[in-house]
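Participant: Protein sequence lines correspond, in order, to chains P and C. Heads up: the first sequence runs through residues 1 to 212, numbered per the numbering used here. Heads up: the second sequence runs through residues 1 to 328, numbered per the numbering used here.
Because the hints were derived from the structure by calculation, they are not lab data. Keep in mind the model is a prediction, meaning the values are calculated, not measured. Just so you know, not all the hints are guaranteed correct.
[Claimed, not checked] Think about it this way: if two alpha-carbon atoms lie no more than 20 Å apart in a straight line, the pair counts; the simulated EDC-like pairs of lysine to aspartate or glutamate are:
id: 1; chain 1: C; residue 1: 232; chain 2: C; residue 2: 266
id: 2; chain 1: P; residue 1: 39; chain 2: C; residue 2: 241
id: 3; chain 1: C; residue 1: 255; chain 2: C; residue 2: 238
id: 4; chain 1: P; residue 1: 39; chain 2: C; residue 2: 280
id: 5; chain 1: C; residue 1: 255; chain 2: C; residue 2: 241
id: 6; chain 1: P; residue 1: 39; chain 2: C; residue 2: 98
id: 7; chain 1: P; residue 1: 39; chain 2: C; residue 2: 170
id: 8; chain 1: P; residue 1: 39; chain 2: P; residue 2: 120
id: 9; chain 1: C; residue 1: 255; chain 2: C; residue 2: 280
id: 10; chain 1: C; residue 1: 255; chain 2: C; residue 2: 294
[Unchecked claim] Computed beta-carbon distance windows for the label pairs:
id: 11; chain 1: P; residue 1: 212; chain 2: C; residue 2: 189; range: 30 to 38 Å
id: 12; chain 1: P; residue 1: 54; chain 2: C; residue 2: 223; range: 38 to 46 Å
id: 13; chain 1: P; residue 1: 81; chain 2: C; residue 2: 185; range: 56 to 64 Å
[Unchecked claim] Partial list, computed: chain P residues near chain C (C-beta under 10 Å):
id: 14; residue: 36
id: 15; residue: 39
id: 16; residue: 40
id: 17; residue: 42
id: 18; residue: 45
id: 19; residue: 50
id: 20; residue: 210
id: 21; residue: 212
Ideal Cβ placement from N, Cα and C applies to all residues, glycine included.
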Amino acid sequence: MTVPGGGDYKDFLMPGMFVMTTAFGFINTATLVVHDSTKGVIDRFRSMPMASSAVVAGRGMTDLLVACAELGILMLTAPAMGWRPDGGWGFLAAFGLLLWLRFALIWLGVWLGLLVPNPEAAGGLFAVAFPLTMISSIFVAPQLMPDWLGWVAAWNPISSTAAPARDLFGTPVGGGDSWVEQHALLMAGVWPLVLTAVFLPLAVRRFQRLSR
Amino acid sequence: MNDYDAGCDDGCAVHAEGLEKRYGEKRALDGFDLTVRTGTVHGLLGPNGAGRTTAVRILSTLVRLDGGRATVAGLDVARSAREVRARIGLTGQYAAVDEVLTGRQSLEMFGRLFHLGGGRARARAAELLEQFDLTGAADKGVGDYSGGMRRRLDLAASMILAPAVLFLDEPTTGLDPRSRGEVWDSVRALVAGGTTVLLTTQYLEEADRLASRITVTDQGRSIADDTPDGLKNLAGGDRIEVVVAERSDIPRVVKVVARVADGEPESDDSELRVHGSVTDRVAALTDVARTLQDEGVRVEDIGLRRPSLDDVFLRLTGHRTEKEETAV
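Make the full structure from the sequences, and use the hints.
Facilitator: Right under this line is the structure:
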């Protein structure tokens, strides 16, 4: 496997896998939200004397804890396949970037969970999520793709988390020349902010619509 | 309908006047009235789409109303939603209990959500498990519970704070008869303890067994408000039905049934069926069966039929429930 800059593909792939696991998390959120709303759990909470924001906050905190556990398991398994992170404290920073992305995806998940009619439909989100994660720098470096596809892959938000994660784990690989790739760490911070800015209001509005 | 005219004195737990709720073009509630007296079980009966569930969702503060006025436990649902929530319990059509937890853990979790301290939540959970006859299964996962046990756990979760008013939205839909009976027993016990229950159901039998008063809804309005007996009389009471083997026997059977029936019996030649309305059901059945046997009439089937929700409906509205209309 060719990696730009001549690194080991495992060093390229493993952080990418962590990002993909994190990215798929929005499907977990959506599935659990749609389950709770179709089974009357959300209605029960809403009929109780408690803040309705607590319903969503509880969901978000649980999802972050689950993401920590998932990533922890992956990171314990990856060394068995020959992945040797060498970034010292950068390890924690990389973990933080992953959770920051996961945090942003909670709102996408809540919004979708309140939008789709049943848990089966939430499962169907995988059909959309797979191509979206494929066209990124998770498996293949964008500069090895056809130009137009490489451009899309480079601008995929999860690519911006994958690149600095590789650096912070101490297993860097060469990045592309595009602006977004040159500013990957900045974009790893900005993209989740953008996602939150878009999907948090959408999720809140959808939640309020339950009262209509 | 006198209750409405009397308005709401302090003897009523739920009072709704002229509730309106629109979803796009559809009027889910269109001038809906309801009065539920404190300490009673009040049945809300009607077909799917009649507005039952919308009414319950408005009264339990889940949905905002577009017009009209409603109070629950003396508090306005629109203006004092939070205060209303502290005084109500809601059990929906699905058992909203977590399958991963045990029954005890579920109730303790809800106790904590209602801001009981750890010790009080544990004590309340134990009390409720006892009250709803779930102590034996308390430490089993809810995933292993039967349908009836789940509904009872769901009821118990609604009762953590011993609410003044409990909304039960189709509490036994999809349950087998035994589980249904268990849920009914639990509801009776709650009412004996002073809770007011608003029960929505599609089953006349359920309303009949539990409710002291029933409101029938159709197309977003209350179209009748009466005791169970009063409603059944509206539907023409019980009927005796005889199915014969030979068409030529029909006139003789009509004569026999006429002796016990109120009014003229009806007959259906194509189905070889004779039926009539009766008051003393058992005496009528034995009389007709014995007489037909004495006269040597070959009877394929004989039985008593209680009026169904559809019968009440047909009588009150002149149309069948939606389900039947689409089925035909």
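Participant: Each hint should be assessed against the structure and marked as holding or not.
Facilitator: Hints, one by one, checked against the model:
Proximity of residue 232(C) to residue 266(C) is assessed by CA-CA distance (about 19 Å); at most 20 Å being required, the pair is judged to hold. At most 20 Å may separate the alpha-carbon atoms for a hinted pair to count; residue 39(P) and residue 241(C) exceed this at roughly 42 Å. Between residue 255(C) and residue 238(C) the alpha-carbon distance is near 18 Å, which keeps this suggested pair within the 20 Å criterion. Between residue 39(P) and residue 280(C), the direct Cα distance comes to roughly 44 Å. Violation of the 20 Å bound is thereby established for this hinted pair.
For the hint linking residue 255(C) to residue 241(C), the alpha-carbon distance of about 13 Å falls within 20 Å, and the restraint holds. Simply put, residue 39(P) and residue 98(C) have alpha-carbon atoms about 10 Å apart, close enough for the 20 Å limit, and the pair holds. Note on residue 39(P) and residue 170(C): the hinted pairing holds, with a Cα-Cα distance of about 14 Å set against a maximum of 20 Å. Distance restraint check for residue 39(P) and residue 120(P): the Cα-Cα separation of roughly 14 Å lies within the 20 Å cut-off, and the hinted pair is therefore satisfied.
At most 20 Å may separate the alpha-carbon atoms for a hinted pair to count; residue 255(C) and residue 280(C) meet this at roughly 18 Å. For the given pair, residue 255(C) sits about 14 Å from residue 294(C) by alpha-carbon distance, which is consistent with the 20 Å threshold. Between residue 212(P) and residue 189(C) the C-beta distance comes to about 36 Å, which sits within the given range of 30 to 38 Å. Range check, residue 54(P) to residue 223(C): about 40 Å between beta-carbon atoms, so the 38 to 46 Å window is met.
The hinted range of 56 to 64 Å is satisfied by residue 81(P) and residue 185(C), whose Cβ atoms lie roughly 59 Å apart. Checking residue 36(P) against chain C: minimum C-beta separation of about 8 Å stays under 10 Å; hint holds. This hint holds: residue 39(P) has a C-beta 5 Å from the nearest C-beta of chain C, less than the 10 Å allowed. Nearest Cβ of chain C to the Cβ of residue 40(P): about 4 Å, under the 10 Å cut. The hint holds.
Because the beta carbon of residue 42(P) sits about 9 Å from the nearest beta carbon in chain C, less than 10 Å, this interface hint is met. Because the beta carbon of residue 45(P) sits about 8 Å from the nearest beta carbon in chain C, less than 10 Å, this interface hint is met. The interface hint given for residue 50(P) is met, as the beta carbon of that residue sits about 6 Å from the closest beta carbon of chain C, less than 10 Å. At about 7 Å, the closest approach between the beta carbon of residue 210(P) and any beta carbon in chain C falls short of 10 Å, and the interface hint on this residue holds.
Given the 10 Å rule on beta carbons, the hint for residue 212(P) holds: about 7 Å separates it from the nearest Cβ of chain C.
Against the hints set out earlier in the document, violations occur for numbers 2 and 4.
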